[in-house]
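Asks: Each chain, letter by letter, is given below.
Number of protein chains: 2
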Amino acid sequence: MKYSVFAVVLLLLSGREAAAQNAAPLTARLDKVSLTFALAPNGQPTYAVQYGSKIVVKPSRLGLALAEGPGFEGPLELTGSEMSNVDDTWQPVWGEVKNIRNHYQQLTVHLRQPQAPNRRLDVVFRVFADGVGFRYEFPRQPNLTYFTVQQELTEFNLPANHKAFWIPGDYDSNEYTYTTSRLSAVDTTPIEAIQEKAAPTRVQTPLMLKSDDGLYVNIHEAALVNYPAMMLNVDTRTFGLTSQLVPAATGTAAYLQAPEHTPWRTIVVSDNAPAVLASKLILNLNEPSKIDDTSWIKPQKFVGVWWEMHVNKASWNYADTSNIKLAGTDWTKLQPNGHHGANTANVKRYIDFAAKHGLASVLVEGWNVGWEDWANNWKEEVFDFVTPYPDFDVTELQQYAAAKGVQLMMHHETSASVTNYERRQDAAYRFMQAHDYAAVKTGYVGRIIPRGEHHDGQWMVNHYVRTAQQTAANHIMVDMHEAVRPTGLHRTYPNWLANEAARGNEFNAWSAGNPPEHETILPFTRLMGGPMDYTPGIFQINLEPWNPARNQGKQVHTTLAKQLALYVTMYSPLQMAADLPEAYEQHPDAFRFIEDVPVDWDDTRILLAEPGDYVTIARQAKGRDEWYVGSITDENARRQEVKLDFLTPGQRYEATIYADGKAASWNKNPMAYQIQKLKVTSKSTLKLQLAPGGGAAVSIKPIK
Amino acid sequence: MKYSVFAVVLLLLSGREAAAQNAAPLTARLDKVSLTFALAPNGQPTYAVQYGSKIVVKPSRLGLALAEGPGFEGPLELTGSEMSNVDDTWQPVWGEVKNIRNHYQQLTVHLRQPQAPNRRLDVVFRVFADGVGFRYEFPRQPNLTYFTVQQELTEFNLPANHKAFWIPGDYDSNEYTYTTSRLSAVDTTPIEAIQEKAAPTRVQTPLMLKSDDGLYVNIHEAALVNYPAMMLNVDTRTFGLTSQLVPAATGTAAYLQAPEHTPWRTIVVSDNAPAVLASKLILNLNEPSKIDDTSWIKPQKFVGVWWEMHVNKASWNYADTSNIKLAGTDWTKLQPNGHHGANTANVKRYIDFAAKHGLASVLVEGWNVGWEDWANNWKEEVFDFVTPYPDFDVTELQQYAAAKGVQLMMHHETSASVTNYERRQDAAYRFMQAHDYAAVKTGYVGRIIPRGEHHDGQWMVNHYVRTAQQTAANHIMVDMHEAVRPTGLHRTYPNWLANEAARGNEFNAWSAGNPPEHETILPFTRLMGGPMDYTPGIFQINLEPWNPARNQGKQVHTTLAKQLALYVTMYSPLQMAADLPEAYEQHPDAFRFIEDVPVDWDDTRILLAEPGDYVTIARQAKGRDEWYVGSITDENARRQEVKLDFLTPGQRYEATIYADGKAASWNKNPMAYQIQKLKVTSKSTLKLQLAPGGGAAVSIKPIK
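Residue numbers (UniProt numbering), protein chains in the order written: chain A, 1 to 704; chain B, 1 to 704.
Bear in mind the hints are in silico, worked out from the structure with no lab data behind them.
Just so it is clear, the structure is predicted and the values come from calculations on it, not from any experiment.
Heads up, some of the hints might be wrong.
For identical chains, the list gives no copy identity; a pair is met inside one copy or between any two copies.
30 Å max Cα-Cα, derived DSS-like pairs, lysine-lysine [as the list claims (entries may be wrong)]:
1. K290 - K333
2. K290 - K325
3. K683 - K333
4. K98 - K677
5. K622 - K32
6. K554 - K298
7. K677 - K356
8. K58 - K679
9. K325 - K356
10. K701 - K98
11. K662 - K348
12. K677 - K197
13. K622 - K683
14. K668 - K197
15. K197 - K683
16. K687 - K333
17. K668 - K554
18. K348 - K32
19. K58 - K622
20. K58 - K356
Using the sequences and the hints given, assemble the complete structure.
Replies: Quick look at the structure:
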């Protein structure tokens, strides 16, 4: 990746004489977006953001409190600043588009404590056409080497009582449904905590906002490395948001060594919702790939011994014994419960299915000892990641999969005992290599060990990044579940294919489920930071047949056609065909879409989108003149018109439309679908009729 | 190890009818020691200990508070009890004596909460001729599986205002000088904290006590595994001691899973001080060796590139640059400071010296990158344990040492960043094996990471034990510095040769030093738990010559002869000849004792001992009819008469006496010594004249 930094590097101010200049605000802008930095009358640094004439962020405080004496709570003096412009284009290893333009104006301000110890702080702003990113930088300096960020003081003062799409600021989980409310009505109190109860007005990022005057604003962060995740405390009276860093076990936030910098704080803004989804601001603020040879990184679809556990047809655990200790248990002596999913014969069935349908991999959960007694005990020694259950023959399956041209995908559930995992990661990856596993799904269910740390704190953030690095060093792709929500680091570590880090499809199997609007909000929130392993593709919407006794009344809260549309609307280079082979075998015509749909793209068009209501996206297959359209709606039926003007003019195509059946609806008739084939050109318009909680998926292939 | 449990397994009480029996105390006894268990009128379990007619411990509370609902704060009901006797003899892999008798009467009491959830707790007492051990056991039961010990409620109510030898209850360091005071005068307030300030009356174990009626009592613990270390809060008015478990980062004490048990709480008692030093009670309460093949475990003497750093002649660090980051630093580009100790040529000098004098190993500290900026920054990535400095040639030294028949000893300073060490231990031990290192000295200087954990908390206790296991699995011997004080686990893991875990000789180089009485107290305190790597053998007592500018007025607070005596009085299978080769080369006659003295013994006789005053010990070399005597005193000159009646009757021996010079004293003339050879038999008596702060060492070899 090469930046071409051209023109204007202006040294506006420098040295001690700068103090007198404190009153002069500094502005950077690109197109409609402008950023103004100023020192407030009390000497505290502030920034403000506008979109055209509309206020995005009112003057808002910048700063950090340190544990070691005077920090950057202000007042500070401005000792200098620089401005520069960058306009370049780069290619991701995989992604939604082939080329990404990185165009911004950068303003760097140099600040200093006016009194001894005269510690220095820089703030770097990058102003893009679709928003602003800024971060704090701590230059190398005599009086600040090792230090502790007690709290970050960054504010986002919003001008009005926007509509917000939010989840509670749980430090350990983001697996919540979204609440849509005015900022004044943010209140996490009635929401049942997944892990730790959040303060009443603390919410997570990405936070999606919509103003009454038509602005769409998304607040998040980019390149979260060696720092805790940022949550936001909402002032429900003033509509100010204040950053709240996830604390360490000690109660402080971040242990740093200068030179160092924080992640970027990001504000994506537009007057239209699709532009928010199309924004590459967060990716642009991440570092280029640190992996030189990426030939082994392969976006892919997979099936897995997984959903059958969720629907109570099989179990992760081999025995039903409880109170097991990892050390000293003779696993061959346990009494098998007779419905362990990860048995050799069953895994072969999935391998056969993947081979037949051209899916790359088979994930197997519950293959390794420890599942009898794994969750919620805050216990350190749960899994060893290398010992299979007696009924899972690693070598036989390795040979069987290889013969069929399928790869097995490893599963490392850590039960959040991360010290235990870290001790064993080396050996676990060696085991993977010895048995031809090319990808691992990790999991962090439960309370973190080291005890007192949080999933979203600095220590764990470092663990996730280290795991991305360590897997990369072993040529292993990784998909993290229950990790901190992503911030674009898949640009830097493209082997980090996906994360969960939100409420996935699995909740439809165990709980009140995900409301039909859920998948229309996720692209505006969770997916702003990176791909999600949402596990779409459930065909057997009604879960009762799998286990009538235990699944009474349970169903996925979408239509079948919407499950197909998710492969397009929920971008990920790693997509599961999550249902059971026997479910797919009932619907080979619909399954054809899953066989066809790519996981890597040359182009993406956000056609229609409104958070909480609908999303329609068209994507062009990597290296092929094929397009795929996904269209989804919330609980309301909708007719969506899709102009196909992105197709190559003059070329004729066959569109296959996988649509909701006439009388379909997510709650009454979810499995009704219809498949229609049409001849189309770039002049055609598709009229997609979406059922309540429904969707449509379309493949468009050229007619040779 | 085979126990022969003979006779008497009595089921005294059982079942629910037991409740009525609560009032009947149960007593176990052996020789003069008796232990009585009783339920107090309020239902709380209590115990008391007597030695003959003298009270050792008055009725004292037993119990534990749990975080999960009702714990064992009492009242409890007694549901049964058993009594048994054991009398057996076992052989340690290495040690002070060849055979160890394990003779005790055991009383097990079964307790239960009288109300739901009716949780059960056992207390097991073992009564030896020289004291009592007891522990809590949590049997497998339906209503107690995973649980958290909030605090242990064990009390040791002493009958009077004993004299105590104590150090402050710092959760992270035991490197204190001992204060000798009445219990009523315990006050840590004036003592400068090494790491974390202890509560005013919190002290550490082993706590040595002496009563006015002539009892010597030592309170400690045995087999500390999966539990925090126990400190003691002293009630200075009642002379009651209450256990204080070192807290986890979360503030609670121990995370356990039943079935489980606590370490043994130990009370060694005698009416004579030597019997305390001779006690094998703590070893007997530890599990037999878990290592089957121990042929690779070799007690040994070593020299090291180490003291020259302490005396400011060389440095651990290669450069004087500060603010270094482990990742991304090009170590070859650093400017060497010119006095880096661990350079290839200097290490060869130590190898030559070890080879010439028959010492097994050479420790090298400062060989690996990271020392520029390692301590006290609470930073996670400090050392990687596999990257040597540019001037340390691993392969060349490996070959050089092998050719000379000497082994290099590895050094792993973790800077207390234990998560970092654990991630890298596998690779570090592979590196050691690849380069023929057979032993490692580990260090834990600084504040622990995971942040919030303590050196002596459960998480770190588990780390030390895991490290002993992991090194054993790699056939590596280990010597831990700054770890929790030992509790006899070297019986179970005989590759765990030694610990520091007290204020070692090194303090004489940096601080006010160790007072002359220090080494007369250590055997009664720290050494009760196991061997100490005290690093004796400093010949150049006055440190000024090494670096006149920086060492002004610095000296070791003993005579030279006392340094020799420490090889006998401070038992360890791992003994350093800590001074520089050039210091030893000045005194080849005195060095002869260090060459001769064994590190493994067939027999040990504690001849004279009084804590804080003097210690004289004779030991018989392993497998040879040779004896070695060490005799040390505090700041007072003393004449010690040593009857040699332990020698083989009729055999003539030559005794070589390394004694203080006529006018020697630790502070005025510490290096004056004299060496005398005598013919002796079992009827002889040696008259050793010890200077103030002095000592004498004697080798006694048969005349063929």
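Asks: Indicate, hint by hint, whether the structure satisfies it.
Replies: Against the structure, the hints:
no., hint, result
1, K290 - K333, "between (47 Å within a copy, 23 Å between copies)"
2, K290 - K325, "between (40 Å within a copy, 18 Å between copies)"
3, K683 - K333, "neither (68 Å within a copy, 64 Å between copies)"
4, K98 - K677, "within (28 Å within a copy, 90 Å between copies)"
5, K622 - K32, "neither (32 Å within a copy, 87 Å between copies)"
6, K554 - K298, "neither (35 Å within a copy, 65 Å between copies)"
7, K677 - K356, "within (24 Å within a copy, 91 Å between copies)"
8, K58 - K679, "neither (51 Å within a copy, 96 Å between copies)"
9, K325 - K356, "neither (40 Å within a copy, 51 Å between copies)"
10, K701 - K98, "within (19 Å within a copy, 85 Å between copies)"
11, K662 - K348, "neither (38 Å within a copy, 87 Å between copies)"
12, K677 - K197, "neither (50 Å within a copy, 78 Å between copies)"
13, K622 - K683, "within (23 Å within a copy, 97 Å between copies)"
14, K668 - K197, "neither (35 Å within a copy, 67 Å between copies)"
15, K197 - K683, "neither (53 Å within a copy, 79 Å between copies)"
16, K687 - K333, "neither (61 Å within a copy, 66 Å between copies)"
17, K668 - K554, "within (13 Å within a copy, 88 Å between copies)"
18, K348 - K32, "neither (57 Å within a copy, 70 Å between copies)"
19, K58 - K622, "neither (42 Å within a copy, 82 Å between copies)"
20, K58 - K356, "neither (57 Å within a copy, 78 Å between copies)"
Hint compliance for this structure: hints 3, 5, 6, 8, 9, 11, 12, 14, 15, 16, 18, 19, 20 are broken, all remaining hints hold.
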